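Participant: The lines below spell out each chain.
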Amino acid sequence: MTAYQQVLAARAPRPYTTRTLIAGLVQDFQACHGDRVHGDDPAIIGGIGWLNDQPVTVIATTKGETLPERLATHGGCPEPWGYRKALRLMRQAEKFHRPIITLIDTPGAYPGKEAEDNGQAAAIADLLLAASTLATPLVSVLVGEGGSGGALALACGDEVWMSTNSMYAILSPEGFASILFRDVSRAEEAADLMKLTPDDLLAAGVVEKIVPDSGVGFGAALKAALLPTIQRLNATPLPQLLAQRQARFRRF
Amino acid sequence: MLKASIPAPLDRAVLAKAAALPAGLWVTCPHCHESAYRRRFGAAKVCPNCGYGLRLTAHERIAQLTQSFSAWDQHLPEAASDFPGYAQKRQEAAQASGSDESVLCGQAHIGAHTVALGVMDSHYMMGSLGTVAGERLCRLFERATAAQLPVVVVATSGGARMQEGIHSLMQMAKVSQAVAAHSAAGLVYIVVLSDPTMGGVAASFAMQGDIILAEPHSRVGFAGRRVIEATIHAKLPADFQRAERVQAAGFIDAIVPREALPAKLAALLALHGGH
Ligand SMILES: [Zn+2]
Chain A
1 MTAYQQVLAA RAPRPYTTRT LIAGLVQDFQ ACHGDRVHGD DPAIIGGIGW LNDQPVTVIA
61 TTKGETLPER LATHGGCPEP WGYRKALRLM RQAEKFHRPI ITLIDTPGAY PGKEAEDNGQ
121 AAAIADLLLA ASTLATPLVS VLVGEGGSGG ALALACGDEV WMSTNSMYAI LSPEGFASIL
181 FRDVSRAEEA ADLMKLTPDD LLAAGVVEKI VPDSGVGFGA ALKAALLPTI QRLNATPLPQ
241 LLAQRQARFR RF
Chain B
1 MLKASIPAPL DRAVLAKAAA LPAGLWVTCP HCHESAYRRR FGAAKVCPNC GYGLRLTAHE
61 RIAQLTQSFS AWDQHLPEAA SDFPGYAQKR QEAAQASGSD ESVLCGQAHI GAHTVALGVM
121 DSHYMMGSLG TVAGERLCRL FERATAAQLP VVVVATSGGA RMQEGIHSLM QMAKVSQAVA
181 AHSAAGLVYI VVLSDPTMGG VAASFAMQGD IILAEPHSRV GFAGRRVIEA TIHAKLPADF
241 QRAERVQAAG FIDAIVPREA LPAKLAALLA LHGGH
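As given, the protein sequences belong to chains A and B, one line each in that order. Per the numbering used here, the first sequence starts with residue 1, numbered consecutively. Per the numbering used here, the second sequence starts with residue 1, numbered consecutively.
In case anyone wonders, no lab produced these hints; they're calculated from the structure. For clarity, every value in this text was computed on a predicted model and none was experimentally measured. You can take every hint at face value.
Pairwise CB distance ranges, derived in the manner of DEER restraints:
(1) 34/A - 91/B: 47 to 55 Å
(2) 251/A - 75/B: 15 to 23 Å
(3) 13/A - 82/B: 30 to 38 Å
Just so it is clear, CB atoms sit at the ideal spot from N, CA and C, and this is done for glycine as well.
Please work from the sequences and hints to get the whole structure.
Facilitator: Right, dumping it as structure tokens:
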């Protein structure tokens, strides 16, 4: 598979939706809405559920299932109140020492007028700062597109994983080509240079693990893979957990 | 979808106007487009008409802001990147800016205060955040934490360093960790946003200060104006992403004219037990 084919795979429709993926991962999912300040961003689904017998917080970006949802989520591009909802739910999880799982499939933060006027940059910056000291385990899984700071905002975990159908890059290969080659049609060439595939990023130490995207069964497979990791992180004394998380990002 | 900020194209009329004037004698303000004798911009390089500060090199900024500066971490290993032409691009950037990276970090005196100071340089690859810049900033906060020093960062950047790919993105997280540790030690961090502060720099350490100042009319935001206009198929207002509008939205503590910055910083540092 070429790097650009990997990009297309990351963007391709799935036999599962974000909601059914979450349902496969945790039982009795209780969705929580809103950032308590501005509004509720449909591009971020957040809530609490059971990972077997362990309550966990799940925060996922979503592109939406129906056309109205796809429009409302801007194709999975969160706005500041979405990132603030994520931060609120992370703080909530921290209070109850509940592990957090983030599922990321976003081309990036939404480049919109209201998003900028409401502090898109500040919202992402707040998440990056908070994630560094969040006193509870945090595992991030890139399950589709992972684009730019908008993806990184939710990918500052103790471990960061990718599915076999995902990519992770500083921006889209189209954007990269248009900026560096001034030619958007050279996206395939850009994708090759960008080292955005799961294998490339595992080799570069940017992610810890690649999980096979097995289609409809992906949620259950992800749960099986996450269980021992969440257990191990949950058993790690907090000072050690935070030191390891800081060391993880310090090496870049 | 485009995600990086792209420098706005200079208005054709402005370019034509500038070209018609004797070279070097007149300066056309990129913000209000009025022309004035270069010496009327003064040593601080501020437009006499609108107060916009022309972009400074890091060395110029340090000279304006500090009584003394001794650089830290000047010789870090170069970033690994096999992007074609990157080495040459860096060489040209060094010549254009007189700096060896997009940020200079060191210990400085601002008024009577000893601070850890980071100054970005938009003349060096648009102040983009590469691995070396990220490492310098990270060490700036680490040294400041160890030495119990306040940190002042003068930000200016187009965002991530595209040529370094994902490693540039990781710098946002890496520097944020160091900011958090400095903050947890009860030390103050003051940011000065200058024109422009965009993308991954705005979305990390530039918006993580305890106190966030900005120079008048500085462009501050995440996505680039043209990317947004192309996405929403609409024209944006003239003051979009300008510091005054961003302050009105609640994200900037104070807008400070360039000449007043040293005194403002000194006053804030004094309130935080600066020594
Ligand atoms: Zn002016």
